[in-house]
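Asks: Read off the chains here:
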Amino acid sequence: MTTTRRTLLAGAALAASFALSPACAQGQTEIELFFPVPVDGQLARDMGVLLKEFNEKNPTIKATPVYTGSYDETLIKTRAAMKAGKPPAAVIMSANFLLDLKIEGEIHPMDALIKADGKTNDQFMGQFFDALHGNAVLDRQVYGVPFHNSTPLLYVNTDHLKEAGLDPDKLPANWEELVTTAKKLTKRDGDRVTRWGMMMPSNYDYGGWILQALTQSNGGEWFNVNYGGEVYYDTPSMLGALTFWSDLVTKHKVHPAGVQAGGAVSGAFLAGQTSMMLLSTGSLTHIRNNAKFPYKVAFVPKNVRNAVPIGGASLVIPTGVEGERRKAAWTLINWMTAPEKSAWWSRATGYFAPNKAAYDTPDMKEFIARNPDAGIAVKQLDVAKPWFATYKTVPVRKAIEDELAAVLSGKKTPKEALAAAQKQADEIMRPFVEQTALKLPTN
Amino acid sequence: MAQAVFTTGKARGWSVPRWRPRQATVLAFAMLAPSLLFLALFTYWPVLQVIWQSLHGQLRVGGPQAYVGPQNFLKLFADPAFRKALGNNLIYALGTVIPSLVLALGFAMALVKSSRVNALFRALFFLPVLIPLVAAASIFLFLFLPNVGLLDYHLAKLAISGSNWLGDPDVALWSIMALTIWKNAGYYMLFFLAGLQAVPADAYEAAILDGAGPWQRLRYVTLPYLKPTIGFVLVIGLLNVVTQVDHVFVLTKGGPSDSTNLLLFYIYQQAVENYDAGRAAAGTLVMLALLLAVTASSLRTLERSFGEKEP
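Those protein sequences? They're chains A and B, same order as listed.
When we follow my numbering, the leftmost residue of the first sequence carries the number 1, and every step to the right adds one.
When we follow my numbering, the leftmost residue of the second sequence carries the number 444, and every step to the right adds one.
Just chain B, with the same shape it has in the complex (with noise of 0.2 Å):
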């Protein structure tokens, strides 16, 4: 089918040189109009009716949903629950991503070489990543336990009474995220070993050559070139801190007193517990603004920074 308006196309082409873009127009779309419906029926119809959601809400309770203007906006940046998730979600998003970075690059550095223990340990750093998160969540579940979990079993054989790691507001964040360090550490790995087979060798024997210590090579030869892979690690560390929260739904509920709540948590909290579509609805459009926002920008340095490395 396709096939024949293609060829048609091309025949009356030919001949009638100003029909060529509008056949190639409607061939284009015909091909791309399977996917455009889906898309269309599960993102864009799902976007509009949320920003439509957005601005609804029940007037009486137990009544039908009516305009209510900017309202749900306006209560929920007057949540202070909100403004607690949105710091945490801050915290968060600092405190896993960065660390993960950090290890990723140490754990690549350390096993760029191909080699038969390297390829072992590689696996094992990768490990995490092919555990579900909601699997790894439930795992940490009996880790994290007081008294019997497995940390602070090892805590009381060297006589240190282990912390009530999810049930204490001033250590349950840092639990949760010592287990996104655990999770992602592992993947960005991955990139960062790909990025590293980019780094030419001669620059590092010029480097050695120059006197440069092994400091001076990470700061001024390794990072240069891995550039791309930080700015892409990047953007996916980003995502992941605001679109998973599988760990939270598990192992606290965004509790103790909301100590580990995160955005899409607190959404899903308006959505189901508090039954208020409105305000979840509103959450989830200023949720995909920050998220549009991290990403325009991080994409923005990416493609800078590829286009600073071609010559």
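Chain A extracted, bound-state conformation (with noise of 0.2 Å):
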């Protein structure tokens, strides 16, 4: 009895405190912002720190953070919310889950608001780096904001690189270089490997982006950057990039077997087991941090051509956020990506500050000149190219990861892993390409 009057009691301080606390924000717009955190609990307790600056400078916004975990989760976040009918203002997204938002319909062009503030789409989007606008500008409309950006990146231990008699200032840079250093670094104990030269991620997600990098360096573009019904799986450029992989594995055997997760990559090199790894940027504080020994990085080694894809994720405001509150996300948004935030936030994740000019404040400057090995994945985003996005992108990714994984595993050749990856990724793509691309006039 003493519980269930005790549990009435706090029902009710809770309905009182609901019921007073608009009141008590009158004349303030209540906006939220979702937010995931691909990284560490640190991120969030970061994001807090960020926003309350935000409303303590802009009284009549209060903006709330929402943490929504890892990126997949926002989005179903973000999908159920607007569902129930109470889109969050803003939410940090994958930069590769804008386009399929739009064909859904479930974000708008933000153009009218970038035209409010008196500039051109171009002169907004000219703030950011170049590689970053293919994924937020599509049919030359804003549909998202950089928030926090990524590319791979080649990380090296070079203690192991002086123990077997290499220059450690020389990293590879293509892929014959990769397989003579990889092929040196390997360690083994009779039939037993105990260092691995090489390692690169395999998981869904990483997978994909990795095998996107190999097959862009290799000439490759592997989806069409102006259309959502087309990926090129089954082309020379891919095969090239999925037989590299499969070499190191079953030919050259610098590489293990099988699915390696990102968490067990950059845990092997931190342990020193393997010498070297394809991994994301947004891994360098990460790895900064915890390691060891003296490490280099370098962008991915070419085969054809340096090219890596993006990663990381956009501000975007969901359909259904009209008014004060769009205003208001607007504002969050802008002040979250201004050079000096951006700047910020960066040296807190290792992510880049998608914002050119971030990287001309002081404080930026004094960080690249200490940690140069950041500076090297900011140049990298000159060669960076747009992220994979189609309709329905994570399945179509995921028709090719399986067969990634079968290929590394030695079940498939990488000919039949890719011919059954172009099959079903257009069999998953047949209703878009059927509404849009082979709609055509009857009579």
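Everything labelled a hint here was simulated from the structure, so no lab data went into it.
None of these values were measured; they are calculated from a predicted model.
Warning: the hint list may mix true and false statements.
[Stated by the list, open to error] Derived contacts from chain B toward chain A, CB cut-off under 8 Å, selection only:
id, residue
1, R503
2, V504
3, P507
4, L586
5, L588
6, P612
7, S700
[To be verified] In silico BS3-like links for lysine-lysine, alpha-carbon gap of 25 Å or less:
id, chain 1, residue 1, chain 2, residue 2
8, A, K415, B, K670
9, A, K184, A, K251
10, B, K527, A, K423
11, A, K302, A, K379
12, A, K411, B, K527
13, B, K527, A, K439
Glycine included, every Cβ here is placed at the ideal spot set by N, Cα and C.
Can you join these two chains into the complex? Each is in its own frame, and there are hints to help.
Replies: Shown next as structure tokens:
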């Protein structure tokens, strides 16, 4: 009985606080920001600090950060909130989900907001690195504002290079050098490998991204940047990339077989059990803080050209956020992506600051001088290209990732795998293709 | 309030007996109403929604939901990934429920006598049950890490190179099954411990006097008495293998190449990754039908075995 009474009292108090809170916040626009933390818990606190400062500087707006898990979970929660009729005012959304959201009508262009600020789309997007435009500007309209971004990067344990009698200042720049270096770095104890020369993550989400990096380094494109219904899986550039990865495992025996999760790869690198790895620039801070040995980073080695996909997230405003809330969200987005804040967030996480001017701030200049690895990562943005995005991005990506896993486990040849992946991806995109590129005048 | 209804009903009941059942029904429903309301809101209404959704889908990309008939079901059965998940779930069910049952029975029989050492061992075997599945999976993530994980670390000391436990399509499902067995055996042991208390000591005495060896005692005395327990644990075990996929989510996300995809995770993928609510709803209904069939048949055997025990 006492518990019931106590619960009732607590409930009444809660109800009262709900009833009172709008009264307290009169004259303020309340907005919430859904944000994922792909790295670790510290960032959730950093986000709280960031928004607290925003609220102090903008007394007419009260922005609340809502932690929503991983990128995928953030998408789920955003869609759930929209279905319930309560879309969040702004969301930090994985950059390659924007096309899907646009196709489903779940985000709308921000052009009117940009125009109201007296800018053209080109002027607005001009403040961000060119490589980031492809995933934010769709059909020449701005659908998202880049918030934090990444590219794959080659990490090398330089102690291991020295130990193998190699020059620690000369990191592999092409596939040929990568194989010879990896062979020298791989250590064996009889049949058992005690140290791998090279590791690349191949779990869902990561595997597709790394394979895209290899494909682009091999001159390929992976998907049609201008049209969401086409992927180029069964092509020579992709065949070369996948065969190269498979050769590292089966022919050169410098890379472990089967699927490697991202965490397992960075763990192996930090434990000295792999000498080189391809991993996101988003892991730079983690590696820097935890590596007990000297390491260096370099561009992803090329076969045909230097090219990598971008990764990371953009800020979007879901459909259904209108009026004052939309304006308040826009104020928040602009504040968060301005040079100062962008630079601060970049130092906290290891991601790039998408705003070019962030690198002209004194704090950032000093940071880059102290951490040259972060500088190399930024330079790679010059050769970066849009991240893979199509109609139903995730299943289309999964189609090739399942085949990648089969190839790395020795179950399929690259040629068979790519044909199967292409077939499945085409099947998934068929409804979209039939309603767009194949929808022709009938009379 | 309810008390008032009750007394008036009673009073009137004496004078007009015809009214009595109706008043009692009203009272019963009045008392059931709160839970019925919540059941309706949170169970029956969602079930109806799932049925509705399973018959609807998008005709146009980005368009509204429209009636599509049985198409979602046809597509579901035509999807090789669904068939793969179904097959995986079958292997997973057989490969986890039977070993967990055997292990649990073994533990229970070894620890049936109450002593301090046995109490300690019971607690140790029960420990995995206390850990939430997500947490357990996160721990196993580190155990299974290739090269650096605890498992490979110890194997390396024996100069054996471990497998890529979660990254090899031939091994991954077995790794997940090992985790499930570890997690559940202790829980089932608890039921067997209780069940074993119900085996009368004189039954054993009689068997020993008749010259029955340990295997014969197990086969002809212990197991027959444990039949209801086995039936009950079987139901729980089968429900578990269909309704728990936390570890799949944490460890493999159904990969590599769908080798660890289970029904419930497949449904999640359809709803979330594929954004195809219709197919996810169809999958849910199929799973629900399977669950109902399994439960109904198991409960029937359960009842029968209870009946058998009565002299």
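Asks: Next, verify each hint and record whether it holds.
Replies: Status of the hints after comparison with the structure:
| no. | hint | verdict |
| --- | --- | --- |
| 1 | R503 | holds, 6 Å |
| 2 | V504 | holds, 5 Å |
| 3 | P507 | violated, 10 Å |
| 4 | L586 | violated, 12 Å |
| 5 | L588 | holds, 5 Å |
| 6 | P612 | holds, 5 Å |
| 7 | S700 | holds, 4 Å |
| 8 | A/K415 to B/K670 | violated, 54 Å |
| 9 | A/K184 to A/K251 | holds, 15 Å |
| 10 | B/K527 to A/K423 | holds, 18 Å |
| 11 | A/K302 to A/K379 | holds, 15 Å |
| 12 | A/K411 to B/K527 | holds, 16 Å |
| 13 | B/K527 to A/K439 | violated, 34 Å |
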